[in-house]
Amino acid sequence: MAFDKMELREVEVWDGNFAAAQAMRQCQIDVVAAYPITPSTPIVEGYAKFLADNYVEGEYVMVESEHAAMSGCIGAAAAGGRVATATSSQGFALMVETLYQASGMRLPIVLNVVNRALAAPLNVNGDHSDMYLGRDSGWIQFDAYCPQDAYDLNFIAFKVSEDHDVRLPAMVHQDGFMTSHTAQGVRTLKDDDAYGFVGDFKPMNDMLDFEHPVTHGVQTEEDWHFEHKARQHNDLMTKVLPKIQTAFDEFEKLSGRKYNIVEKYDMDDADVAVVCMGTSVETAREVATEMREKGIKAGVVGLRVIRPFPFMQIQEALKGCKAVATLDRSSPNGAPGMLFNEISGCLYNLETRPMLSGKVYGLGGRDLTKKHLTDLYTELQANVDAGKVTTPLQEFIGVRGPKLSFL
Amino acid sequence: MSEMKKIKNLKEFSTSADRFEGANLLCPGCAHSIIVREVLNATNDDLVLSASTGCLEVCTAVYPYTSWDASWIHIGFENGSTAVAGAEAMYKALKTKGRLKQPDRNPKFVSFAGDGASYDIGFQWISGCMERGHNIMHVVLDNEVYANTGGQRSSSTPIGGSNTTTPAGRVSYGEKQNKKDMVAIMAAHGIPYSAQVAPNKWKDMVKKIQHGFAVDGPVFINAVSPCTTEWKFDPKDTMMLTDLSTDSLVFPLYEIIDGHELNITYRPKNVVPVEEYLAAQGRFKHLFKDEYKYLIKEWQERVDANWAYLNRREEARV
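Going down the list, the sequences are from chains A and B. Numbering follows my numbering, with no gaps: position 176 of the first sequence is 176. One rule links them: number in my numbering = place in the second sequence (from 1) + 1000.
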């Protein structure tokens, strides 16, 4: 190969953005089409520097918008090669139209999403508002809690997305600034091991095979549209989670790092639990340990895969709990939080189901403190003792001014 | 560069490749299929094509059928040019890495789009592709209206036309704006080649398409595409309408090399008055009422002024 290998130490101090860029380098992407946006910008900048220093080979297309970034990625993926890009917030919102087109054409693309609030008011900090715009777009969605996850999940994402049985694009989410700009120790893979894990790209129905011309992106009206969408949905629901599990298992063999579709922490005998995503998972784990010292049987359920939604795994994780709170880092205007809705949907058919309360936290980068979580576990235990949910359906944690709650 | 395809006559030309099948759902008399066929038949090289949302797209790739015997992609209304640019980037990447399945092939990358998908909603994407210098050709099937959605005005719609969103009525003569000069805007990007073509002047068109395929960098082609439905004429008269548009100089044929050097490529022996062009189409019918006749005069003045401008540009050699 014409490009140079990079000597990495066993542990490097990287933030989440650079960790993602390093993973992209080690996967040796063929085409990156990108447009910068805070806080994901350093990913594409990092990749550009790797290109400038001959650590990667390929085409880097600096397009004029995020919509064009994904459009270029779609054309490149249809042409038959490894494709990736990154975005955040308003850029993600601009991309949404094309997200559906990428998944509808069953094209493998990896998108690093550094989650950030949506304007207005304008805010560059982390929350999950943007994540949900793409929730129903047919993409696989992974969630990283720290720079190490951001690095590792990129390899998993390429491997699953490019699998010929899957052929669906994948996102890797990380929390804006909290993960993307916070440097931590990241255990690395050697270049050859990393590339060996994702393997060579194997094209399928590629536009550059001139002996077999293909038509991508056809029109299907009422006579076929339903079948195509149903098949895509069915494949996402039935094929993807087993593939992810296999990829997690293989990755554990390679790296020693174990990932689960649903990350359970102290859940075996938990009475009270919180369900959360992103950086809040690690904070919740720490507080849960402290609560156990105080005699409250606390646990944490972290979502590792958002789409396809791991319905059965969540049921299994929460079925023994008495009181559960969902932590939503977004506020879908006019409805309870996304996690609250989806988790309650999961639990409805259980014979004995935990009491559920919905909490909204951390919008626009507001900190979630250990105090917030201590109070939350205490509240959940009070619910258990009272035998009912004593608080409103939805409450905001850590918002200034009069307490805001609904229902 | 691969060898340029040689074409003897129209009969041979029209059947020389057939990578765009006759089986499609375009209206009888639609010029789109003629233009597409002329573009594709100008080369024997492999093709990677896109079509933006529009008549061409919805009429040629309705599952489980396709009219395209070449690789083809449709994403959305606005981003066909960028899709092809992405495919071109992948071609370059795989070539560098030695991973092309047929490394000896020399594919051409073409995006087709209507005037709405080019002049309006796709403007930014095309501008981006031109500025970045992708080795692609963007061909506009310019029928001066959103035909696929039923006849709304676009920024290519000429003044005085009656359309569904700018209809002529008791107090309106229809479209109020002049047509956007897209070729000038694209040439201003400094691209190696931009040109206006018409399907009736097929030799001129083939020459321009082949020139476009031969240069290194982005190429912009604006093709006049008379629309039977929205221009309101008999399907058998498509070529007559095309003749009228080129011979009246409403749609002059010229090329701009490297963003500045302008060559007029067709000078009609007998220039037809604009009035004849307007009279042949239902969309301008109301202009012949007494109160709007001044607009026909203005039309003629505008066309004359533009022709004089093109001639001055050509003479100036700048």
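Since the hints were made in silico from the structure, they are not lab data. Some hints here could point you the wrong way.
DSSO-like mimics (lysine-lysine), calculated; alpha carbons at most 27 Å apart, straight line [what the hints assert, rightly or not]: (1) LYS202/A - LYS1097/B; (2) LYS1006/B - LYS1285/B; (3) LYS1101/B - LYS202/A.
Practice prompt. For the pair supplied as a hint, LYS1006/B and LYS1285/B, confirm whether the alpha-carbon distance does not exceed 27 Å.
Written response: violated, 43 Å
**Prompt:** Straight-line Cα separation of LYS1101/B and LYS202/A no greater than 27 Å?
**Reply:** Given that 27 Å is the threshold and the Cα spacing comes to 12 Å, the pair holds.
Hint consistency between LYS202/A and LYS1097/B [alpha-carbon to alpha-carbon, up to 27 Å]
holds, 14 Å
Of the hints listed earlier, the one the structure fails to meet is number 2.
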